[in-house]
Amino acid sequence: MLKDSTAIKWSFVGPVLALLIAFNVFPLCWNIVLSFTDADLSGGDWQWVRGRWYGRIFSGAEAGPQYALFASALRTTALFTILAVAIELLFGFILALALKDRFRGKTAVLTVLLVPMMLSPAVIGLFWSHILNGNHGILNQLLHGLGLPQPQWLTDPGWKFAAMLMVDVWMWTPFMMLISLAGLNAIPPHLYEAAEIDRASRWTVFRRITLPLCAPLLMLAVLLRATDALKQFDLVMSMTGPNDASTQTLSALLYQVMFQGGKVGLGSAYACVVLVVVIALATVFTRYLDWLAAKQGRA
Amino acid sequence: MAKWIAVIAVITVIALIVWISVRDNMAPQQAPDRPATPAKQALTIWWAQWDPAVGLQELGKDFERETGVAVTVQQIPWSTYQDQVFLNFGNKQTDFDIVVGDSQWIGRGASKGLYLDLSDWAKASVKLAELNATALKYLCEYPTGSGKLFALPCETDAVAFAYRKDWFADATEQAAFKAKHNRDLAPPQTWEEFRDVAAFFTRPEQKRYGCALLTGRGYDSLVMGFQNLFWAFGGSWGDAATFATEGHVNSPGAVAALGFMKELVALSPPGGADMDYGKVMEVFRNGSVAMSMDYVAFFPGLSKDMGDKVGYFAMPAKDGKRAISLGGQGFSVSSKVAPAQQELAKRFIAWFLQKNVQEQWITKPAGFTANQAILVSPEFRAKTPYNGPLADSMDHLQDFWNVPVYNELLSAAQRLIGEAIDGKSEPKAALDALAKEHAVILKDAGLAK
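Order-wise, the sequence lines are chains V and A. Here the first sequence is numbered in my numbering, starting from 1300 and rising by one per residue. Here the second sequence is numbered in my numbering, starting from 85 and rising by one per residue.
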């Protein structure tokens, strides 16, 4: 009986496990191996270089000016992640608060708001490139009509990063809104009723009931968005290209080194470092979520 | 009931998706009793997605008529062309027999053993003396000047200028320019004249600007644009023998060239500090600029759209020195295909370079030849308004580094020159940093000591 049940379990788990090993675990291990070699994209023999690439990445400019790019891309990625997630969380939560109650046409409004999230990032990058085009873009035509200055969104180094951030916020705010809405709808109504009886102010209700009870879901949304924003690639590629210092994220640098430069060894080392950063951040978030769940459990 | 309808709908959709996915594989197979036809000889060429590739495919049909060998030119979008080619070279066997590769790739292709050495075969089978020596040197040789050929010219191109012929011909503009500069308003011959003309046409209140230069940060357009001033003013990427960069990349002439380019960028339309090959054409087409810099391969489309309103001129000179960024690509044979395919590839290249085929090639959009006799012929110059400037440019062509680490060198140059153009650093500081960074990259690659 036990034998049969084990066989059934393996028959369910086995194929998925095999796929995971083939497409996740093996590439990850192989990437780690390659990061200690001088492998080239176009094949050929490669040599072991031990920790040369890691040494150079962490030495930065001392190892050569080109290695300072990692620090610059790390700064750009961190800034992008912090700003994008914070703005999306703020806007998403405000939108969710506005859409919490029933009103006529709510479904239609929700559907329209969710459209950006459902489009491919590459497509979004391409059509926003047209909207933001400094010469024929509709946004600048609109600004011109209103008598406002018309920035060169995609060519002025002072605006490129802001333009990319703006598009990301436009695309992912609905996601934050959706999660926030789920969190808001899950709050038991009797808590609000009790607060009303106690004549609690709106701010107190928000601070003591709405926010704490939504927090676990919001943190989950932040975790998901942050890990996604850390990998930002599609918008960079479609809006400014991978080699633009103003918008070069870690993924764009990785592409530039590995696919344009053909340096698979160095690119793999970059990828490993990025992976460690993502795992570290995800661990912090999940620990926080556990702590929050335990705290609420105690309460 | 509704539940069952939903289940049936889901099953139908899944079945439809599965059917669409597998229907090609379900196509009726050839009947087994039908005698099998002998495999037809075929050649696959990879090139970027643009007009000349369409022309090459048309010529390929002529080759098939003559030899029975089918030629397929697979066009790959420019944005992923390089990645796809080198990824494909990572396989044991490439999907192409011939790749029409950028001049800068040749070092990587040759030194990694990806491109077949064509030196001995070409000397015996191709009339090399008929080809333009500069095109042969920069498009085909590695190391440059060594005589070792890893490619043969396919499309030979140069950076030049398109200008608004109608604006230049306008009597009022002519008179105003003459009154200001005491000479006729005409396509400039020197960079100083170019600056005067660009400044003359710069009228932001009319949304009209003097020039649009190649300044894009994506791949190589800023470097390809800057080089025309850089070399003419006395700069150089380095010593070809020792790979030393100090004193070359940041020579006083190079610094002056970057400073001069910044002056010109100020005479370009908003966004002029970051314009790639497409954007310079866009602002020219929409009537914003008097002169636009680009590769000649982009000009056939411009002439088609703008007709007589547009004229062309070759790169201006500085103190009598004219230097022009090379464009175009050469045919290279993959070392990762069967010897029989390599022979077919060589046969096609030899056929393509015959003078009578080259005379056909120049009738195709942007089908620019390296055949010297055709280039200097009055018929070629008269054929299109941009052929003359192209022919005039040929002997002044130069190229960026084509060593295996060209991409790192290019990336550094794009970034640091870009910072100077954006005003984030002074030209001298930017080029000093570039000389240093290039020296490290070249040393790291084992090229410089």
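These are computed hints drawn from the structure, not numbers from a lab. Watch out, some of these pointers could steer you wrong.
What the hints assert, rightly or not - Label-pair distances were calculated between CB atoms; the ranges are: (1) P423(A) to D1527(V): 35 to 43 angstroms; (2) Q258(A) to L1412(V): 38 to 46 angstroms; (3) W1329(V) to P336(A): 48 to 56 angstroms; (4) D250(A) to L1580(V): 55 to 63 angstroms; (5) A1317(V) to D528(A): 53 to 61 angstroms; (6) I1437(V) to A259(A): 35 to 43 angstroms.
C-beta: ideal position from N, C-alpha, C; glycine also.
Earlier hints that do not hold, by number: 1, 2, 5
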